[in-house]
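Input sequences plus hints: build the corresponding full structure.
Take a look at the letters that make up each chain.
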Amino acid sequence: MAEHLGIFEQAVLLALLRPQTDLGKEGYGRAILKEVEHRLGREVAAGAVYATLDRLEAKGFVSSELGPGTPVRGGRPKRHYRIEADGVRALNAVRSATDRLWAGIHLPLKGTR
Amino acid sequence: MRPIIGDLLEEYREVVLPARGRARAAIWFMTQLAGLVKPWMWGVIIGLVFGIENLVSTAISPLAEDTPALMLTLVTVVLGSWILVGFSAGRRTMRVRDAVLAGVVVATISMSLFGMANWVRVTVFLDVIKDRSDWVGLMDRFHASGAPDLRSFVMSEYSRGNLLSTAVIAGIGGAMGALGGLVGVRRHRASTR
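Those protein sequence lines, which keep their order, are chains P and U. In this text, residue positions in the first sequence follow our numbering: the first is 40, and each later residue adds one. In this text, residue positions in the second sequence follow our numbering: the first is 13, and each later residue adds one.
Just so you know, these hints were derived from the structure itself, not from any lab. The structure presented is a predicted model; accordingly, all values stated were derived computationally and were not measured. Treat each hint with caution, since some may be false.
[Said to hold, decoys possible] Taking lysine-lysine pairs in the DSSO-like style, the calculated list, with each CA pair at most 30 Å apart, reads:
1. P:Lys64 to P:Lys98
2. U:Lys50 to P:Lys98
3. P:Lys64 to U:Lys50
Here you go:
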């Protein structure tokens with residue numbers, strides 16, 4: 040059975056797979072945060088993004104490596120993330136499941152009352 | 013942790029400071045940092061701070077009275093910190109259930125550590141603190157019990173009290189977490205509207 044992915048996990052994986060902003064293409068923590076905010080259209084707590092990245096890395100859906108720091112970061116390194124094949128498979132699985140669920144249903148939905 | 017602090021510094025210097033000014037940017041930075049601390053870590057921090065404070069104040073002035081103002085401040089700070097943990101969890105996950113759980117975890121851990129510090133306090137300072145005015149009732153119970161050893165009597169009383177109070181305190185922690193979580197979820201919804 041495919042691994043369940045929450046909306047937020049999907050947003051983080053999609054931010055890595057298909058970044059839509061210039062900063063997002065850099066793939067480090069802050070860049071992913073901005074990309075996720077852009078996709079969800081709302082402000083996101085940094086802690087939520089880092090916790091999700093940790094969880095996805097533990098599942099083997101993403102991997103990371105440290106890059107050099109910059110003066111604006113006080114010399115602290117950047118952790119760059121990359122989506123792995125298992126992460127792409129999980130996204131495909133969740134999308135297929137969602138499409139099956141919504142097949143034949145037209146929007147907007149109308150209530151019964 | 014260093015890359016995360018670097019990310020926050022970058023955002024702070026490039027975006028938040030120019031847009032919000034020094035004071036509000038500092039609040040933003042502290043809020044983000046606090047959001048990275050997990051509920052159980054808050055429990056450890058709060059428990060250690062109050063436990064150590066209890067030990068130090070006993071060492072300095074073992075017979076000093078616990079004034080109502082001091083007790084009120086202590087209770088306000090502890091309950092306030094549990095509410096903040098619930099607020100943070102509710103804001104992050106948008107679920108009051110998570111805020112309740114965070115409140116229970118932080119309250120249980122912090123009060124367990126505080127209880128352990130109290131054990132150390134009794135072990136180290138028993139000969140002095142047995143003359144405290146708020147120990148009169150305990151000493152009366154000891155004399156009435158006929159127990160041969162004050163230390164083991166006090167430890168046994170504390171153990172019984174701790175088991176009961178941990179359960180009650182977990183409940184209070186859950187309630188404070190729910191309170192903070194409700195506000196956190198509402199704040200989250202308001203900011204995304």
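Going down the list of hints, with the structure as the test:
1. P:Lys64 to P:Lys98: Holds, at roughly 23 Å.
2. U:Lys50 to P:Lys98: 20 Å, holds
3. P:Lys64 to U:Lys50: 29 Å, holds
When held up to the earlier numbered hints, the structure conflicts with none and fits them all.
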